Structure formats: C-alpha cells, structure tokens
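Position chain W against the provided structure of chain C, taking the given hints into account.
From first to last, the protein sequence lines are chains C and W.
Residues in the first sequence are numbered from 1 upward in steps of one, following my numbering.
Residues in the second sequence are numbered from 1 upward in steps of one, following my numbering.
Among the hints, a few may not be true.
[What the hints assert, rightly or not] In silico lysine-lysine, DSS-like type, Cα no more than 27 Å apart, as pairs: (1) K245/C / K148/C; (2) K148/C / K41/W; (3) K86/W / K206/W; (4) K245/C / K86/W; (5) K136/W / K206/W; (6) K245/C / K146/C; (7) K86/W / K146/C.
[To be verified] If you want the ones that stay clear, here's a sample from chain W, every Cβ over 10 Å from chain C, calculated: (8) H33; (9) S87; (10) T98; (11) E248.
[Claimed, not checked] Pairwise CB distance ranges, derived in the manner of DEER restraints: (12) S87/W / A214/C: 26 to 34 Å; (13) A274/C / E147/W: 43 to 51 Å; (14) G51/C / Q140/W: 42 to 50 Å; (15) G330/C / S89/W: 44 to 52 Å; (16) F152/C / S89/W: 26 to 34 Å; (17) Y58/C / S89/W: 56 to 64 Å; (18) Y211/C / D93/W: 43 to 51 Å; (19) P150/C / Q140/W: 48 to 56 Å.
By construction, these hints were calculated from the structure, which means they are not laboratory data.
Values in this document were obtained by computation on a predicted structure and should not be read as measured data.
All C-beta atoms, glycine included, are put in the ideal place defined by N, C-alpha and C.
The primary structure of each chain is shown beneath.
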Amino acid sequence: MALTTAPREIDNSDAPSGEMPDRVPWFQRFMERIGALWTLGVLVVIVIVFGAVAPDLYTKAAWLATSEYAVEYLILAIGQTFVIITAGIDLADGATLGFSSMAGSILMANMIGSHIGGGFAATAGILLMLATGAAIGIVNGVVITKMKLPPFIVTLGTLTAITGATDLLNNATEVTTLPGFVTRLGTESVLSGWLPVTVLIALVLAVLFGYLLARTRFGLRTYAIGSNEIAARRAGINVDRHLIKVYMISGLLAAAAGLLVTANFSAASPIAGANDELYAIASVVIGGASIFGGRGTMFGTVVGTSIIAVLTTGLVLANVQSFWQQVAIGAVVIGAVAVDRVRTKVGTD
Amino acid sequence: MNGRSDVTSHPVGDGSTPVVEVRSITKRYGSIHALHEINMKLFPNEIVGLVGDNGAGKSTLVNIISGALEPTSGQIYVSGREVSFKSPSDARDAGIETVYQDLALAPDLSIWANLFLGREEIVRGPLGWIGWLDRKTMMQRSVGDLERTRIRISSVTNRVGRLSGGQRQAVAVGRAVAWGSQVILMDEPTAALGVEQQAKVADLIKNVAGNGTPVLLISHNIPQVYEICDRILVLFHGRIIAELRPSETHVDEIVSWITGAALFGAKANA
Numbered sequence: 001m002a003l004t005t006a007p008r009e010i011d012n013s014d015a016p017s018g019e020m021p022d023r024v025p026w027f028q029r030f031m032e033r034i035g036a037l038w039t040l041g042v043l044v045v046i047v048i049v050f051g052a053v054a055p056d057l058y059t060k061a062a063w064l065a066t067s068e069y070a071v072e073y074l075i076l077a078i079g080q081t082f083v084i085i086t087a088g089i090d091l092a093d094g095a096t097l098g099f100s101s102m103a104g105s106i107l108m109a110n111m112i113g114s115h116i117g118g119g120f121a122a123t124a125g126i127l128l129m130l131a132t133g134a135a136i137g138i139v140n141g142v143v144i145t146k147m148k149l150p151p152f153i154v155t156l157g158t159l160t161a162i163t164g165a166t167d168l169l170n171n172a173t174e175v176t177t178l179p180g181f182v183t184r185l186g187t188e189s190v191l192s193g194w195l196p197v198t199v200l201i202a203l204v205l206a207v208l209f210g211y212l213l214a215r216t217r218f219g220l221r222t223y224a225i226g227s228n229e230i231a232a233r234r235a236g237i238n239v240d241r242h243l244i245k246v247y248m249i250s251g252l253l254a255a256a257a258g259l260l261v262t263a264n265f266s267a268a269s270p271i272a273g274a275n276d277e278l279y280a281i282a283s284v285v286i287g288g289a290s291i292f293g294g295r296g297t298m299f300g301t302v303v304g305t306s307i308i309a310v311l312t313t314g315l316v317l318a319n320v321q322s323f324w325q326q327v328a329i330g331a332v333v334i335g336a337v338a339v340d341r342v343r344t345k346v347g348t349d
Numbered sequence: 001m002n003g004r005s006d007v008t009s010h011p012v013g014d015g016s017t018p019v020v021e022v023r024s025i026t027k028r029y030g031s032i033h034a035l036h037e038i039n040m041k042l043f044p045n046e047i048v049g050l051v052g053d054n055g056a057g058k059s060t061l062v063n064i065i066s067g068a069l070e071p072t073s074g075q076i077y078v079s080g081r082e083v084s085f086k087s088p089s090d091a092r093d094a095g096i097e098t099v100y101q102d103l104a105l106a107p108d109l110s111i112w113a114n115l116f117l118g119r120e121e122i123v124r125g126p127l128g129w130i131g132w133l134d135r136k137t138m139m140q141r142s143v144g145d146l147e148r149t150r151i152r153i154s155s156v157t158n159r160v161g162r163l164s165g166g167q168r169q170a171v172a173v174g175r176a177v178a179w180g181s182q183v184i185l186m187d188e189p190t191a192a193l194g195v196e197q198q199a200k201v202a203d204l205i206k207n208v209a210g211n212g213t214p215v216l217l218i219s220h221n222i223p224q225v226y227e228i229c230d231r232i233l234v235l236f237h238g239r240i241i242a243e244l245r246p247s248e249t250h251v252d253e254i255v256s257w258i259t260g261a262a263l264f265g266a267k268a269n270a
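Next comes chain C alone, as it looks inside the complex:
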C-alpha cells in the first residue's frame, strides 16, 4: 500500500507545525479523525437494535429483501454523489429512471411483437434505456451550465416534465412483454442464492464509480469544482464540460437502475422511480456528503443507502406501521446533517 504510506513518511520527516489551529474542541477533532466511519457505526447500531427487536432481521430472507430493496436507491445515489459533490443536485434522477425504462421496454415489447429475437430486443432496449438516461442528464447539464440556472430549479423542471412524458409514452400503463434476458436479470443470483445479480451489479457499479471518484483526475476535479468553482476555472479546468459529464453520469446510472427495477418486477411501470430522488439524496447526505459541495465519499453513500434499507426492513419486521418508515428516515437525514454540521465546522473557514 504505497499510496497510504507516502503521506505518513512526509508527516514524520517534518517538524511539528506551530501554526495548526490548536483550539479545535476534542469532539470535532475526534469526528474529523474518524471521518465517514461514524455513519458505519450508526449502521451497526441500527442492525443490532432491530436485530434485538426482530431476530428475523438475521435471516436470508431479510437480507435478500433488504439488499434488493437497496439496489434501486444505491445506483441512483452513486450518480447523486457526484452531483452533490459538485454542489449541485439532481432531482430528476427518479423520473429519469421511470422514463428511460419505459422507453426501452416499449421498444423491447414492440420488437418481440414483431417476432424479432429476444437477444436483439434486449440489446436494443437496454441500449435505448442507457442512451435515454444519458441524454436527459446531458440536457440537465447543458441547461445548468450554459444558461447558468440553479440545478435545483432545472432538475425540478425536468422531473416534472419527464414524469408527464413517461405517462404519454404508454398511456400510463405497464409494459409486461419483456425479453427473457431482462426478466432473468431480476431472478437469478449467485453464491447459492445469497447474492442476487441485481445486487451484484449495484455493488460493482459502486466500486467502479467509487474508484472514479477517489482515484482519478475526473474525481479530483469533481471535488475541486464543488469546493471552489472559481479556483477550478482558474486552474484551467473546463468546468461546464465537467458538470455536463457529471449530470450525464447521473442520468446514465438512473437508466441502469431503471433496467434493474424493470427486471425485478418483470414490468416497466409508469410510476417506477417516483420519489426515488428523495431517498437517493438522503443516502448521499447520511453518508456524509456536503450539499454545499466539495465533500462526500462513495463508501459513505453505500453506508447511507444501507442505513435507509435496514431501517425500512427493520421497521417492517418489528411490525411498525409502514408510515413510520418515512418519519424515521426523515429523522435520520436531519440527524445526519446536524452531526455533519458539527463535524465539518472546523476548517471550512
């Protein structure tokens, strides 16, 4: 692990600095040091508490329910992590999920109806889904950067427009004629049934995009833009083009989530993805990202999504009325932001 030893060597070779602020309270220093790990601690506590109340939480069935439930939100949250780190927001990702899966599914159903092979239909439909999602993201990014409009307003607009457009596509009805490849995607699993393929795909995406965020030039510039856009521009970074790419990634991942949701339900529903953006944003924020930009990690996002998923399953297993789930998740979001506030008070200025 050469990467992690290098900074320590530098630390040791240098005399202690007299200029580091020493007035930092111990609690803040502690929170700085443990970083995103505190959310992991919260997850562990939730698992232990609900496990005590409802021991069924530790069964294979509960694990499968929780993890499959989390897939949709995790994939959206991966894209949302990039967007939020640039100090933006993508309210349209849930609607993009619904629209792109509907568009791709209609194509697949029509191709199957015209007796075109399932393999061709699946390929064309999946490509159309991904292209549609990416295109919506590009539109968001272009409007935000070229017209200099706030991401909140722009994506609120596309959210509303796309939700309507999804209903227009198929008269607000489901598409259920799907190629076998797509429906199998939602039922097959590996590791003797412990790891559904959809969960595996979500985890692979989290690792790939986590790498992109943490280890590449693209990731570094994503943080830089969110931290100080003027500094990024002066460093010669093409900020507009970068932001368009970030919103494109968010749209692309929304489409990927749409494919897996369609596979899970063996149907493309006109209401798929509705309100998903709220859970995606909540996951990212619980995971420690700052909505003011510049901060956040993919690890934190995975933990944040897990907290929401475990909370949801746990409340069901504990026989709590389902309406309480949303109340609980809302409380966790506010709690996470409050803790983050204390955690990052130091040093932002």
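Then chain W, alone, in the frame of chain C:
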C-alpha cells in the same frame, strides 16, 4: 538575497533580454482608454511594484499579462519571443503564473491536490485511457515546492481549509513558484493578512525573486511596496506616469504620484 542586489546594481536595460516585455499595450472599452500605450520590462531577479488608485488600470494590465483579457493593440514578449494569449491557460503554458487576491484554492482539497489541480500527474492504465492519479509523485513534489516557500506546513495531505491565512498564502505562492518558470504576478497578496503574516509573505516574495524569477507585485500597501520592490511603476488613468526607485524616493512621493498630485505639480512647474 545576494543575487537580487547583484542585479539591481546593474542599470536596468543593460542589454540583457527582459523576461517579460510589454510593448505599447492599449486596452479600450468603446471610447474609454483603460490602458494607453503601456511599455514595461521585467528582468530576472526583479521585484517590480505596480501601484495606482482604483480604476487606474492595474487589474486590466495584470489580466492582459495573465491571459484573462486580450489587449486592443500592442505586443507581449516572453524571453524575447512574441506571444499572444487567448486564455489564462495560454499564459500559464508560457510560464506566467498569477497569485490572485482570493488565492483561488479549493478548501476541501489537500495541499498537494491544490498545487497540482489542472495539471495532475497521471499513471496511465493498461489501455492508455483509464488513468489514475499519481498521488505519490504529486505529494513528494509538493513537499519540495513548499520547502522553497520556507513556510512550515506539517503535511501536504492537510486540507487547505484547515490552514491559517498565512499558510494558505504560502500554498498559493508555492504553487505559482512551482509552475511559474518565467514570471509571477501577484495581485494584492497581503490584503487579507495580519501584520506578522504580511512580513512573512514579503520574505517569500524576496525569496522567489532571489531565485531568479521576476515578480510583478500589485499592491495598495505602499510601505511594503517601498520596502521590497526594486522599481515602482505608477499607473494613472491608464498610463505609466512614473518609474521610481526606492533608493531615490520616499513613501510620500509615491503617494503623490498615485493621486496625480505630483503629475499636476510637475506640469505647473513646466
């Protein structure tokens, strides 16, 4: 410091090529002359002060040399070769670095990331296109870059947001020194600093020039300009109306040129 006094003992314009030369630069906005026929030369090891009242044209001139603005007419030469900048990136590629008043640092990024932002070292992946950041190289080079600024920073992995004002200044100057092979422009580098830190930055500027790179210092802090500059250019309504040497002038005289009082006084005498 020795190198610097050596050079200043030569009369400027002794035949050596200026690092940067600005020739009859004019900038017009409609009928308004923001800059009028500006001529300026910067030689190795020099610290040149650029002073003037608000609106005198200091920022316009700096923006033209740093590539943020294009002049209406006139030429810029870097080491004797004519250059034309369409963007700040062009100027940076020519070895001209600018330290901005707001420092242009990303507080959430580490020191090393700020030093290399926009010019990251990349390890190319097996296919040539999936590259990752060469963090080790960038961290090691950052340590060297900051050692040259002689301001102590415990680790280059610290976030810039956790640094004091003086340390941030050191990072911004360190970045300019690391990349500015030809000249460093500093726009009000001490405006936001306390007295002690101002003195540190002044030492920093002297170090930079002492190593050969000329510094163009834009400042409202006249006593500091008087103290550290080899030459002082006074801009007044878009023209350079005076070139002063600290050994031959005093703070009050500089101020009277800035306000134009000296100019009108001279005219009245003529």
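Here is how each hint holds up against the structure:
no.	hint	verdict
1	K245/C / K148/C	holds (16 Å)
2	K148/C / K41/W	violated (40 Å)
3	K86/W / K206/W	violated (30 Å)
4	K245/C / K86/W	holds (25 Å)
5	K136/W / K206/W	violated (30 Å)
6	K245/C / K146/C	holds (13 Å)
7	K86/W / K146/C	holds (20 Å)
8	H33	holds (27 Å)
9	S87	violated (8 Å)
10	T98	violated (8 Å)
11	E248	holds (37 Å)
12	S87/W / A214/C: 26 to 34 Å	holds (30 Å)
13	A274/C / E147/W: 43 to 51 Å	violated (57 Å)
14	G51/C / Q140/W: 42 to 50 Å	holds (47 Å)
15	G330/C / S89/W: 44 to 52 Å	holds (46 Å)
16	F152/C / S89/W: 26 to 34 Å	holds (31 Å)
17	Y58/C / S89/W: 56 to 64 Å	holds (57 Å)
18	Y211/C / D93/W: 43 to 51 Å	violated (30 Å)
19	P150/C / Q140/W: 48 to 56 Å	violated (41 Å)
The structure is inconsistent with the numbered hints 2, 3, 5, 9, 10, 13, 18, 19, although it conforms to all the rest.
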